[in-house]
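A.B. asks: So the sequence lines, in the order shown, correspond to chains A and B.
Under our numbering, the first residue of the first sequence carries the number 1, and numbering increases by one thereafter.
Under our numbering, the first residue of the second sequence carries the number 1001, and numbering increases by one thereafter.
Hints listed in this document are in silico derivations from the structure and should not be mistaken for laboratory results.
No residue lacks a Cβ here, since even glycine has one placed at the ideal position from N, Cα and C.
Among these hints, one or two may not hold up.
To be verified - Stretch-level coverage of chain B by chain A, calculated; a stretch enters the list once three of its residues show a Cβ under 8 Å from a Cβ in chain A:
1. 1040–1053
2. 1203–1217
3. 1305–1317
4. 1325–1332
What the hints assert, rightly or not - Quick list of simulated restraints, FRET-style, between CB atoms:
5. Y139/A / V1009/B: 38 to 46 Å
6. V1009/B / H69/A: 37 to 45 Å
7. R1035/B / E51/A: 33 to 41 Å
8. E95/A / A1292/B: 55 to 63 Å
9. G126/A / N1011/B: 27 to 35 Å
10. V1297/B / G126/A: 47 to 55 Å
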Amino acid sequence: MPAGPHQLLGHRVADALEAALPGAVIGRHVEWIEVRSDRVRDVLRWLHDSESFDAAQLSNLTSVDRHTHFEVVYHLQSLDLNHQIVVKAIVEDHENPLLPSVYPVYKGALLQEREVYDLMGIRFDGHPDLRRLFLWEGYPAFPLRKDFLSLGQITGKAVNPGLQRFPFEDKESPDRMLNAGNIVTGEREASAGNAGGSAGAGH
Amino acid sequence: MNSTAEPYVLNIGPQHPSTHGVFRVRVVMDGEVIRDLDMIVGYLHRSMEKLAEERTYTQNIPFTDRADYLAAMSGNLGLALGIERLAGIDVPERASYLRVIFAELQRVASHAMANGTLVSDAGAWQTPLLYMFREREKILDLFEMTCGARLTTNYMRAGGVSFEPPAEFWPALNELVAELPGRIDEYMELLADNEIFLARTRGIGIITPEDAINGSLVGPALRGSGVPWDLRKAEPYCVYDRFDFDVPVGTRGDVYDRFMCRMMETRESVRILKQAIAQIPPGPHKNDVPLALRPPVGEVYSRVEGPRGENGFYLVSDGGPAPYRFHLRAPSLINLSLLRELARGASLPDAVVTLGSIDIVVGEIDR
């Protein structure tokens, strides 16, 4: 599958980590390893200091909302050995996601963690300056979460209806756009009951 | 009476000529010296990553034009490579060469803009900038005759490129490639030993190699500090492994070294262009790819060496027609990780040239 040309296999990283930091690795995959969110700083510090992995640079830090939990994804780069390591921290608490900041290990996490906090609402313990980055303080939502509806989803006027995929998508015909009546968002809740999914409601 | 002044807060931007876009910083000044700096971004935030989740993979390619609008070709290329890796799509050889040609032209154009505005910040008001715009205009003309757009090119596709360049493209390209080395010599003569420029840039905004690596710096900001890291060498994509070129690095990590790195890279780009023009094979410029692309479940982190460094695309597919998650790793934003440290203790004009030497594009910072 689509691993990078110099990506280290997850098993190799996981085996080494198992010996050094028992219990931190909770899942392994060909391309990445999954670690407990509260151990992520230890894991990254160990990979950073280790001579055989030499993860000198945090090249990318981002997050994925998986509905039940969050994944915080770290792409680590060794410049001397020219390989890439992918570490995913699994944040089980979807209500109040919190994990240790890796800023003490990588200064490059400063703005990337702020971005994740701003758009995904994941807090980083130990970050020196955790504020909103693009949006303003007090903005009521975290837009990249899957429960945050975008304009196309609220109005039902998506850009490309034939290919649209929605959180409330009809499982039988995955390509069919559901009409706006089915989307439950506060004031639309009453009309959704009336429309009952019939075509045309809300347009 | 105490003669030292109270620290005061100075607001710069969001629309100051030296801020390279809608970028705002608040600095706490103690007399002439910066005590603290806070950057305020988001004036161009369009929530691209959220919008991308309800568009198909191909429909997302135009977004990359509008992220880094000075290097649209590099953004296009990064995303196209990511989609291809995710969906297992092959690219014809000619398309790979065309991609290299356009990506390198884009690098020359972007570096001309970066260095031109940096020199403008350093006090050489407009003259070098407009000299460098002369070459940039010619490159944008080449883009226009190929794909109809100058900035928002939307040229690369999964499986190739959208158009074969027209017949008049090749003579114009050859003319430009022949002309560029002389132009670069001209800039070097104008700036490299210029006393005022040296005074404004030598020893200013020094980044150590350790800080550059640890702070996730990429591109000329990293190479200026002497770290020879270039994805075209380290992880060759397209057909970069077939070309002979060097990776210029700085020695001191100051503003001048980052400027010179870009100048030298322009020369290397010309070398690559010459080889690519000589080697480009005939053939189709695009493979047929289904319009309704549904990559298998999986994820990919694809990256290319853009003018500002590692242009990364993290795509997560759930098997649907649109990406489940689309993340753009923006070198402009992440290269600013060290800005606060660099600015502390510096004077305001020095901080302005330091920011200029890091070379940010606000469209990419805010996305």
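A.B. asks: Three or more residues of the stretch 1305–1317 of chain B near chain A by CB distance under 8 Å?
C.D. replies: Coverage by chain A holds here, the residue count being 4 at a Cβ distance below 8 Å.
A.B. asks: Return holds or violated for the Cβ distance of E95/A and A1292/B against the range 55 to 63 Å.
C.D. replies: With Cβ atoms ~36 Å apart, the hint is violated.
A.B. asks: Residue count check for the stretch 1325–1332 of chain B against chain A: does it reach three with CB-CB under 8 Å?
C.D. replies: holds (count 3)
A.B. asks: Look at the Cβ atoms of G126/A and N1011/B and judge whether their distance stays inside 27 to 35 Å.
C.D. replies: holds, 30 Å
A.B. asks: Can you confirm whether chain A covers the stretch 1040–1053 of chain B, using C-beta to C-beta distances below 8 Å and requiring at least three such residues?
C.D. replies: Check passed, 8 qualifying residues.
A.B. asks: Could you see if the CB distance from R1035/B to E51/A stays within 33 to 41 Å?
C.D. replies: At 39 Å between Cβs, range holds.
A.B. asks: Go ahead and decide if the range 37 to 45 Å is satisfied by the Cβ distance of V1009/B to H69/A.
C.D. replies: holds, 41 Å
A.B. asks: Holds or violated: the stretch 1203–1217 of chain B covered by chain A, criterion of 3 or more residues with Cβ-Cβ distance under 8 Å?
C.D. replies: Three-residue rule met by the stretch 1203–1217 of chain B, so holds; n is 6.
A.B. asks: In this structure, is the beta-carbon distance linking V1297/B and G126/A contained in 47 to 55 Å?
C.D. replies: Distance hint for V1297/B, G126/A is violated at roughly 34 Å.
A.B. asks: Falls inside 38 to 46 Å, the C-beta gap from Y139/A to V1009/B?
C.D. replies: For Y139/A and V1009/B the Cβ distance comes to about 23 Å; the hint is violated.
Hint compliance for this structure: hints 5, 8, 10 are not met, and every other hint is.
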